[in-house]
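Whole structure, please, built from the sequences with the hints as guidance.
There are 2 protein chains.
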Amino acid sequence: MADVAGEVDRAFDALLPVPDDPRADLYEAMRYAAMAGGKRLRPLLVRAVADLFAVDRVASTRVGAAIEAIHVYSLIHDDLPAMDDDALRRGKPTVHVRYGEATAILAGDCLHALAFEWLAHPDTHPDPFVRAELVLDLARAAGPSGMAGGQAMDLAAETASFDLPTVTRLQQMKTGALIGASVEAGAILGRVPPEGRLGLRGYAHDLGLAFQIVDDLLDAHGDEGKVGKKLRKDADAGKETFLTLLGPDRARAQSRMLVDQAIQHLHSFGSEADILRELARFVLERDR
Amino acid sequence: MADVAGEVDRAFDALLPVPDDPRADLYEAMRYAAMAGGKRLRPLLVRAVADLFAVDRVASTRVGAAIEAIHVYSLIHDDLPAMDDDALRRGKPTVHVRYGEATAILAGDCLHALAFEWLAHPDTHPDPFVRAELVLDLARAAGPSGMAGGQAMDLAAETASFDLPTVTRLQQMKTGALIGASVEAGAILGRVPPEGRLGLRGYAHDLGLAFQIVDDLLDAHGDEGKVGKKLRKDADAGKETFLTLLGPDRARAQSRMLVDQAIQHLHSFGSEADILRELARFVLERDR
Numbered sequence: 022m023a024d025v026a027g028e029v030d031r032a033f034d035a036l037l038p039v040p041d042d043p044r045a046d047l048y049e050a051m052r053y054a055a056m057a058g059g060k061r062l063r064p065l066l067v068r069a070v071a072d073l074f075a076v077d078r079v080a081s082t083r084v085g086a087a088i089e090a091i092h093v094y095s096l097i098h099d100d101l102p103a104m105d106d107d108a109l110r111r112g113k114p115t116v117h118v119r120y121g122e123a124t125a126i127l128a129g130d131c132l133h134a135l136a137f138e139w140l141a142h143p144d145t146h147p148d149p150f151v152r153a154e155l156v157l158d159l160a161r162a163a164g165p166s167g168m169a170g171g172q173a174m175d176l177a178a179e180t181a182s183f184d185l186p187t188v189t190r191l192q193q194m195k196t197g198a199l200i201g202a203s204v205e206a207g208a209i210l211g212r213v214p215p216e217g218r219l220g221l222r223g224y225a226h227d228l229g230l231a232f233q234i235v236d237d238l239l240d241a242h243g244d245e246g247k248v249g250k251k252l253r254k255d256a257d258a259g260k261e262t263f264l265t266l267l268g269p270d271r272a273r274a275q276s277r278m279l280v281d282q283a284i285q286h287l288h289s290f291g292s293e294a295d296i297l298r299e300l301a302r303f304v305l306e307r308d309r
Numbered sequence: 022m023a024d025v026a027g028e029v030d031r032a033f034d035a036l037l038p039v040p041d042d043p044r045a046d047l048y049e050a051m052r053y054a055a056m057a058g059g060k061r062l063r064p065l066l067v068r069a070v071a072d073l074f075a076v077d078r079v080a081s082t083r084v085g086a087a088i089e090a091i092h093v094y095s096l097i098h099d100d101l102p103a104m105d106d107d108a109l110r111r112g113k114p115t116v117h118v119r120y121g122e123a124t125a126i127l128a129g130d131c132l133h134a135l136a137f138e139w140l141a142h143p144d145t146h147p148d149p150f151v152r153a154e155l156v157l158d159l160a161r162a163a164g165p166s167g168m169a170g171g172q173a174m175d176l177a178a179e180t181a182s183f184d185l186p187t188v189t190r191l192q193q194m195k196t197g198a199l200i201g202a203s204v205e206a207g208a209i210l211g212r213v214p215p216e217g218r219l220g221l222r223g224y225a226h227d228l229g230l231a232f233q234i235v236d237d238l239l240d241a242h243g244d245e246g247k248v249g250k251k252l253r254k255d256a257d258a259g260k261e262t263f264l265t266l267l268g269p270d271r272a273r274a275q276s277r278m279l280v281d282q283a284i285q286h287l288h289s290f291g292s293e294a295d296i297l298r299e300l301a302r303f304v305l306e307r308d309r
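Heads up: the protein sequence lines correspond to chains D and H, in order.
Take the position in the first sequence, starting the count at 1, then add 21; the result is the number in the working numbering.
Take the position in the second sequence, starting the count at 1, then add 21; the result is the number in the working numbering.
Careful: at least some of the hints might be erroneous.
Intra- or inter-copy, both count: the list cannot distinguish identical chains.
[As the list claims (entries may be wrong)] With a Cα cut of at most 20 Å, we get these calculated DMTMM-like pairs of lysine to aspartate or glutamate: (1) K254 <-> D107; (2) K113 <-> D244; (3) K260 <-> D46; (4) K60 <-> D244; (5) K260 <-> D42; (6) K254 <-> D184; (7) K251 <-> D240.
If you're looking for bench data, these hints aren't it; they were derived computationally from the structure.
The model shown is predicted, which means the values in this text are computed figures rather than measured ones.
Have a look at this one:
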């Protein structure tokens with residue numbers, strides 16, 4: 022994990038040089054958000070899946086950075102006063118607190134565009150078919166049928182009372198879509214035909230849900246100092262979550278079951294997929 | 022113009038069906054912004070250039086809609102309270118006034134992602150090389166080296182005093198980049214090799230600057246009822262513009278000179294480029 026995190030940081034450092042002009046603040050804000058640490062779960066998934074198919078690591082690192090850029094932009098916009106209004110992220114002031122709201126909006130917008138620029142660039146992969154597939158994969162996962170659509174459902178959750186299938190769909194979009202796109206991107210780089218991706222997709226699906234249930238548990242019972250952001254927000258907003266709908270014991274059991282199921286989806290792979298198995302267990306045991 | 026505007030509206034109508042779930046508001050907000058009229062200058066440029074090379078119109082309409090989606094998302098975010106804080110756009114309440122700030126931010130983000138999804142989709146063009154080139158073209162024009170970078174410079178213009186070269190660069194990024202990307206996209210669809218695009222690029226460059234000078238003149242002397250948005254904002258913000266730096270007479274002369282120059286760049290084309298010539302004249306004479 023530390024290896025990939027270091028490589029993602031180096032990729033952002035190279036891809037986001039601060040210009041000597043009035044945009045310096047914009048680039049500083051992007052770097053501040055993109056290089057603030059974080060688990061780098063998405064780049065790690067791209068890398069681990071791409072490694073199964075002996076993909077060149079320059080490609081998997083660039084693709085991982087692009088998907089992480091989408092994740093980072095969503096956090097910047099999600100933290101804005103009009104959205105979650107968060108002042109702290111990973112133990113540091115959020116981008117709008119540090120650089121102002123206007124720059125935060127634009128820094129998010131810029132990371133959003135850059136992600137697609139990086140994916141479509143010939144430096145990422147020589148085959149334009151692979152590049153176009155990567156863009157399509159990520160754009161779908163980021164847009165109204167994926168992450169941003171899930172955030173819109175999350176807004177609606179503040180005034181409506183969702184049942185378990187609706188909360189599951191919401192979370193599958195809000196967090197699951199980008200986790201799924203990361204696994205899919207690794208398979209695209211590995212030139213795995215769609216019919217060969219079913220096991221990996223099943224893995225990503227179950228991993229994404231388990232990740233979100235653990236997130237709900239951390240929000241309710243986690244340590245603010247460790248997690249580095251404001252917690253108990255779901256309860257304060259009166260939102261239905263896996264936790265409110267299942268209770269803590271069933272939620273914990275469900276997350277364990279999903280991780281087991283995720284690992285079973287990898288049965289056709291040998292020890293080369295052990296990192297993906299360990300990653301699934303890490304998701305279950307994480308405390309931040 | 023009315024033909025293309027109608028086709029862009031029909032494309033948005035087909036591409037943005039309102040779902041029967043909690044995202045209905047998000048989609049309504051996207052449709053409200055995307056189908057609010059407007060000059061559709063960018064789709065018109067894509068179409069007019071693509072027509073020079075007998076490109077299938079389904080392709081040029083989809084690409085025009087994608088570039089217009091980027092333009093529309095930038096207007097939504099630009100109107101937000103933290104940015105320009107505008108309550109009126111094309112004579113109607115802005116998206117955040119109508120749907121709330123959080124939905125406005127997400128609707129912008131969704132149109133941003135959808136633009137790239139549409140470009141990368143095989144329905145747009147059968148050749149993945151063309152799709153990847155279109156994505157790269159638009160992502161560069163939308164990001165920190167293009168439109169969003171220009172907006173960041175515009176923020177800085179409120180506290181700094183820019184000279185003419187800096188204002189020119191700012192406007193070349195803020196408005197010119199997307200106009201350039203529209204012309205470039207038409208050439209990509211027409212499979213014009215980069216060395217054959219110089220005349221068209223020159224046209225786009227001069228057209229973009231002329232467009233912005235006329236915008237400055239309209240901001241200072243236009244009719245709010247006709248333009249449909251709040252004017253005199255540059256003067257209120259104390260920003261340097263082409264108008265403050267050149268004065269109205271030189272600004273008007275400069276815009277005329279640029280339009281002549283834009284038309285001269287088309288010398289290698291015959292009457293098939295007359296629409297591009299008329300478009301340049303329209304930019305000069307527009308009153309909204």
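Each hint tested on the structure:
no.: 1; hint: K254 <-> D107; result: within (10 Å within a copy, 31 Å between copies)
no.: 2; hint: K113 <-> D244; result: within (15 Å within a copy, 47 Å between copies)
no.: 3; hint: K260 <-> D46; result: between (36 Å within a copy, 19 Å between copies)
no.: 4; hint: K60 <-> D244; result: within (17 Å within a copy, 53 Å between copies)
no.: 5; hint: K260 <-> D42; result: between (44 Å within a copy, 17 Å between copies)
no.: 6; hint: K254 <-> D184; result: within (19 Å within a copy, 47 Å between copies)
no.: 7; hint: K251 <-> D240; result: within (8 Å within a copy, 44 Å between copies)
Comparing the model with each earlier hint shows no violations; every hint is respected.
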